[in-house]
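Chemist: Given chain A's structure and the hints, the job is docking chain B with the ligands onto it.
So the sequences go chain by chain: A and B. Going from the first sequence to this note's numbering is simple: count from 1 and add 106. Going from the second sequence to this note's numbering is simple: count from 1 and add 412.
Simulated from the structure, these hints should not be mistaken for laboratory data. Bear in mind the structure is a predicted one, so any value in this text is a computation, not a measurement. We put the beta carbon where it would ideally sit given N, CA and C, even for glycine. It cannot be assumed that every hint is accurate.
To be verified - From the structure, some residues in chain A lie toward chain B, with a derived Cβ separation under 7 Å:
#1 S263
#2 D321
#3 E327
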Amino acid sequence: MSALLEIENLRVAFNTRHGEVTALDSVSLTVNAGETLGVVGESGCGKSITALSVMGLIPSPPGRIAGGAIRLAGEDLTRVSEARMRALRGAELAMIFQEPMTSLNPVFTVGDQIAEAIMLHQKVGHAQAFRDAVALLDRVGIPSPDRRARDYPHQLSGGMRQRVMIAMAVSCRPRVLIADEPTTALDVTVQAQIFDLLNEIQRDFGAAIILITHDMGAISEMADRVAVMYAGRVIEEADADDVLDHPQHPYTRGLISCIPALGKGDTELREIPGVVPPLHRLGAGCAFAERCAHRNGRCDSGKPLLVNHGHHPAACHAVQEGRI
Amino acid sequence: MSVLLDVQDLTVQFTLPRQGLFGPRPVLEAVRQVSFRLEQGRALGIVGESGSGKTTAAMATIRLVEAASGKVIFQGEDLLQLDDAAMRQRRRDVQLIFQDPYSSLNPRARVADIVREPMDLMEIGTPEERRARVTDLFRLVGLRPDQLSLFPHQFSGGQRQRISIARALTTNPKLLVCDEPVSALDVAIQAQILNLLARLKAELGLSYLFISHDLGVVRHVCDDVAVMYLGKIVEMAPREALFDTPQHPYTQALLSAAPSLARRKSRGYVRPVKISGDPPSPINPPKGCAFVERCPKAQDICRRVQPLLESRGQNRVACHFPG
Ligand SMILES: Nc1ncnc2c1ncn2[C@@H]1O[C@H](COP(=O)(O)OP(=O)(O)OP(=O)(O)O)[C@@H](O)[C@H]1O
Ligand SMILES: Nc1ncnc2c1ncn2[C@@H]1O[C@H](COP(=O)(O)OP(=O)(O)O)[C@@H](O)[C@H]1O
Ligand code: SF4
Ligand code: SF4
Ligand SMILES: [Mg+2]
Ligand SMILES: [Mg+2]
Chain A
107 MSALLEIENL
117 RVAFNTRHGE
127 VTALDSVSLT
137 VNAGETLGVV
147 GESGCGKSIT
157 ALSVMGLIPS
167 PPGRIAGGAI
177 RLAGEDLTRV
187 SEARMRALRG
197 AELAMIFQEP
207 MTSLNPVFTV
217 GDQIAEAIML
227 HQKVGHAQAF
237 RDAVALLDRV
247 GIPSPDRRAR
257 DYPHQLSGGM
267 RQRVMIAMAV
277 SCRPRVLIAD
287 EPTTALDVTV
297 QAQIFDLLNE
307 IQRDFGAAII
317 LITHDMGAIS
327 EMADRVAVMY
337 AGRVIEEADA
347 DDVLDHPQHP
357 YTRGLISCIP
367 ALGKGDTELR
377 EIPGVVPPLH
387 RLGAGCAFAE
397 RCAHRNGRCD
407 SGKPLLVNHG
417 HHPAACHAVQ
427 EGRI
Chain B
413 MSVLLDVQDL
423 TVQFTLPRQG
433 LFGPRPVLEA
443 VRQVSFRLEQ
453 GRALGIVGES
463 GSGKTTAAMA
473 TIRLVEAASG
483 KVIFQGEDLL
493 QLDDAAMRQR
503 RRDVQLIFQD
513 PYSSLNPRAR
523 VADIVREPMD
533 LMEIGTPEER
543 RARVTDLFRL
553 VGLRPDQLSL
563 FPHQFSGGQR
573 QRISIARALT
583 TNPKLLVCDE
593 PVSALDVAIQ
603 AQILNLLARL
613 KAELGLSYLF
623 ISHDLGVVRH
633 VCDDVAVMYL
643 GKIVEMAPRE
653 ALFDTPQHPY
663 TQALLSAAPS
673 LARRKSRGYV
683 RPVKISGDPP
693 SPINPPKGCA
703 FVERCPKAQD
713 ICRRVQPLLE
723 SRGQNRVACH
733 FPG
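The shape of chain A in the complex, shown without the other chains (with noise of 0.2 Å):
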């Protein structure tokens, strides 16, 4: 059976002033209904690039989708209509932003807002819609739903309003929910609350969940699958304990022994050197290779696939041929 949500070798470029770089290449995901897939990485990896592709809302110019599909129960987004692309989202495709204020309108309560996302794909009246959108708030766990529902998005604080956000992206029961950090502004009690309330979501009504982060310990909690980015491609990809207990990539291993963990203190980190290098500079080999303890001479000359050489996939050529 094949997967709800299906990318396949997707490509996206950029026009730059360092000309057109391909911000994601060869990338492969693939999500099922009730799951969650985590999607983690250094920043400019690629991850909220993905997310958009997925949504429809590269914005182009500069950029383009270069290739390969991306498919929701089978029809590819990338080649469907603008109008097609408008109804499926919100409907049946909806995301959540790091901040949410850049996607609520001040002007509008968040009520009025909820119930105007119910109203564009549900044949209701304004009257229905804000009852749901009071309804919804109150499932999202907004005290005094009703007199909250009135308040203008200034009037909330920042865990209230990713709620409001969450309570917007599933009012119509999407089957795929974005999430792209969705609670990195965020106090960890009330991302605490944030993760629970996905999950809970999650339960009622089988949503796929895409969770980007940073964050391996909020991977840890919330994926069933992950896949590492490292500029703009995936790198490694299987299930969560796969990669937290035995992780493949130079670099999935770096991220999780780089974690300062809660249990110890005192030992030196483990570090990654150097930095993820821009993308108008990558070359023929890997990617990695410059922050690279195990690079030989095939890293320098061609780029490692995503392949599956024995325990889960790993585009690494000392993995693949058992050096590490």
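Modeler: Chain B with the ligands only, in chain A's frame:
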């Protein structure tokens, strides 16, 4: 061990704009009777949610924000009593690095000038000596001297944080206030900077007042930890005691909220302590315990009587029902 910094009952108030035309001007007490000690060569972590008063407490300690009352005994003298000239002399002993390495560096200055500036301002050494020191510091923080003539935008975020650290070290400070020094950085880069800060502390005998909302980072860097909630320290303890035997329900909630590799979705983890809601407003804080609205253990007395910091094993905790 000698006490470098002894802060006693520090209180900071902000007077806010009038509400309406004739309304009173509300007073916000951002820091409420905060006391802590920092020993030479150690790092004290301050954790707590946004708005809990971490930055304000640290800034008031080094007199970059005015305190309403309290004492800040630094190397035996009360900084809050010093006149401006005397305080300027102390500035070389206390330096500061911020969260955002982007906005805290002048974009139009070469980094050599940025790093040298504190020595210029305080007229430390000859021009020759200053130049030599800048080069030494550059190496010390892991940058190459041939990068000295570049501008801040030509460096990555982690490198820019190294530049701010070099600048902070020019005057040979004894105390470094680090306000969320790695929050803006990617995890891989965070590790580089945390290792650097740990090395500098050991090699130079620096003391840190280290603010972070990331408990893992604090556990890694700090010897002692203070937890703030709504302007007050609600728990304070040596690192192990705080993380292994937290006594305050808020500390417990923070620890159970922090994402951890030890909790796995596949194993169906359940958060041990859950709290709801956001912190209350610092204007008109609750009369009793500030945590009462969110606390799973709250009783009647918590509403009426403010709990004071009391010893419990190695921890000091402000709660009627600790443990
Ligand atoms: N200059 C100011 N005028 C008025 N209120 C202020 C001022 N500076 C801080 N506050 C208030 O004081 C309280 C404590 O703020 P502070 O910046 O110290 O918190 P923090 O713990 O450092 O938070 P964060 O984690 O967001 O940095 C907050 O309620 C804040 O809004
Ligand atoms: N509008 C744009 N023009 C040019 N390059 C872009 C644009 N948007 C994103 N990129 C580049 O695409 C890459 C991936 O970005 P993004 O997906 O936002 O990363 P992240 O993993 O941090 O979410 C980055 O190198 C970024 O600079
Ligand atoms: S392919 Fe080579 S350089 Fe790239 S991660 Fe593997 S060993 Fe390192
Ligand atoms: S004093 Fe009461 S409300 Fe406050 S933390 Fe302790 S038990 Fe909870
Ligand atoms: Mg992003
Ligand atoms: Mg602060």
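Chemist: Each of the hints needs a verdict: does it hold here or not?
Modeler: The hints, checked one at a time:
Checking S263 of chain A against chain B: minimum C-beta separation of about 5 Å stays under 7 Å; hint holds. Hint status for D321 of chain A: holds, given a least beta-carbon distance of 6 Å to chain B, under 7 Å. The beta carbon of E327 of chain A is positioned within 7 Å of a beta carbon in chain B (closest approach about 5 Å), and the interface hint is therefore held.
In the structure shown, no violation is registered for any of the earlier numbered hints.
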